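Here's the letter readout for the chains.
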Amino acid sequence: GAVVSQHPSRVICKSGTSVKIECRSLDFQATTMFWYRQFPKQSLMLMATSNEGSKATYEQGVEKDKFLINHASLTLSTLTVTSAHPEDSSFYICSAPASGSYEQYFGPGTRLTVT
Amino acid sequence: EDQVTQSPEALRLQEGESSSLNCSYTVSGLRGLFWYRQDPGKGPEFLFTLYSAGEEKEKERLKATLTKKESFLHITAPKPEDSATYLCAVQFYGNNRLAFGKGNQVVVIP
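Top to bottom, those sequences are chains A and B.
The opening residue of the first sequence carries number 1 in our numbering; numbering runs sequentially from there.
The opening residue of the second sequence carries number 1 in our numbering; numbering runs sequentially from there.
Same shape as in the complex, but just chain B (with noise of 0.2 Å):
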């Protein structure tokens, strides 16, 4: 059973059209959820850290929240270069292990 899950799994955007990304968990004993940004053929790129719910991080045109069952990434008046995959991961209590959702896949069109 899938421990995080991401939805939707793609978005297609209308140049600053905002938006919302799901992250939800199954797990407990979460030390933090994480998301980041990967786009082809490269590494994911860290954006934000959340550790307790009712966090809030911002970060240019995203902003990412956490609750105690799921976290939102917002996209707001998002720009073409935004276009990405977006993932979501848990890392728990006891080691550093991170585990990732598929991912939410965003084409920000012109």
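Looking at chain A on its own, in the form it has when it is part of the complex (with noise of 0.2 Å):
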């Protein structure tokens, strides 16, 4: 149980475009789930959190204009960078906590490539 996956697994895109990143939960429903970026050899860290039927909560120095978070639905939560730039390459990657659960359960990542 606790699967989340994450669709696609590495985008190239050129500088200027968006590109929307999917996070599912596949076998629970999450109300809330999380966006991370991780940069080479780096931790990761938050973005934001996605709120189902809610607007998403940025961390500080996080542009909510460029990095739009959608939360439709109980499975699944969207993350656009909008009029990406080459310094918006970085491994994404979302998470969930399991139903009833303070454990969170991470999608295997976006690759985001801009050239």
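Careful: at least some of the hints might be erroneous.
Unchecked claim - With a Cα cut of at most 27 Å, we get these calculated DSS-like pairs of lysine-lysine:
(1) A/64 <-> B/59
(2) B/42 <-> A/64
(3) A/66 <-> B/69
(4) B/57 <-> B/69
(5) A/41 <-> B/42
(6) A/55 <-> A/20
(7) B/69 <-> B/102
(8) A/66 <-> B/68
(9) B/102 <-> A/66
(10) B/102 <-> A/41
(11) B/57 <-> B/79
(12) A/14 <-> B/42
(13) A/20 <-> B/57
(14) B/59 <-> B/69
(15) A/41 <-> B/79
(16) A/41 <-> A/14
(17) B/42 <-> A/20
Said to hold, decoys possible - Label pairs and their computed distance ranges (CB to CB):
(18) B/57 <-> A/99: 38 to 48 Å
(19) A/27 <-> B/39: 21 to 31 Å
(20) A/42 <-> B/92: 18 to 28 Å
(21) A/42 <-> B/83: 39 to 49 Å
(22) A/103 <-> B/67: 18 to 28 Å
(23) B/45 <-> A/12: 18 to 28 Å
(24) A/12 <-> B/29: 36 to 46 Å
(25) B/77 <-> A/66: 42 to 52 Å
(26) A/63 <-> B/41: 25 to 35 Å
(27) B/54 <-> A/85: 24 to 34 Å
The hints are simulated quantities; they were obtained by calculation from the structure and are not laboratory data.
Since the structure is predicted, the reported quantities are computational estimates derived from the model, not experimental observations.
Each residue gets a CB set at the ideal place from its N, CA and C atoms; glycine is no exception.
Please assemble the complex out of the two chains, which come individually in their own frames, going by the hints.
Structure, rendered in structure tokens:
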């Protein structure tokens, strides 16, 4: 149980375009999901908390107009990187707490490369 | 100031050479401390959650312990497949957010 998937696993896009990343909880419902970014040889940095049916909560320093988050159902959250630039190239990972638990389970990550 | 500090940053072990990884934290209001394993290019894999000082949990060659200021992840008789980065994270009361340390990169040499 507690499986989280992400799609796509890797994406390459041109500078100025937008990219959407999906995060799904496959065998449980998640009213909250989290989005992280990880640069090479760095740890995970929380970007935002995605709340089903309401606005996301962004961490300090994260541009909410650039990283659009939508949590339209209890099993799906999406992160859209708008007007992507090379500095947005990173590994994006989502997580969700299992139902009735504080334990968080992570997706496999999405490698974004902006050329 | 970092709330979670992991040491050593990198560790090379001979197969069968037991060792311990340290995670120290400076937060108050700790709900739980989490250990994850991360392989290159993949998402973190959940290992353990510890909620109170004195608690211990085991899984195969791994054992996690918790005190009021730090946690240890003991690796007993490691094998090459235990090579990975081990991440420690703390969770606070009031929300489900996790704050991660920088990780312990472990390489086990056959």
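Would you pick out the hints that fail for this structure and give their numbers low to high?
-> 1, 3, 8, 13, 18, 21, 27
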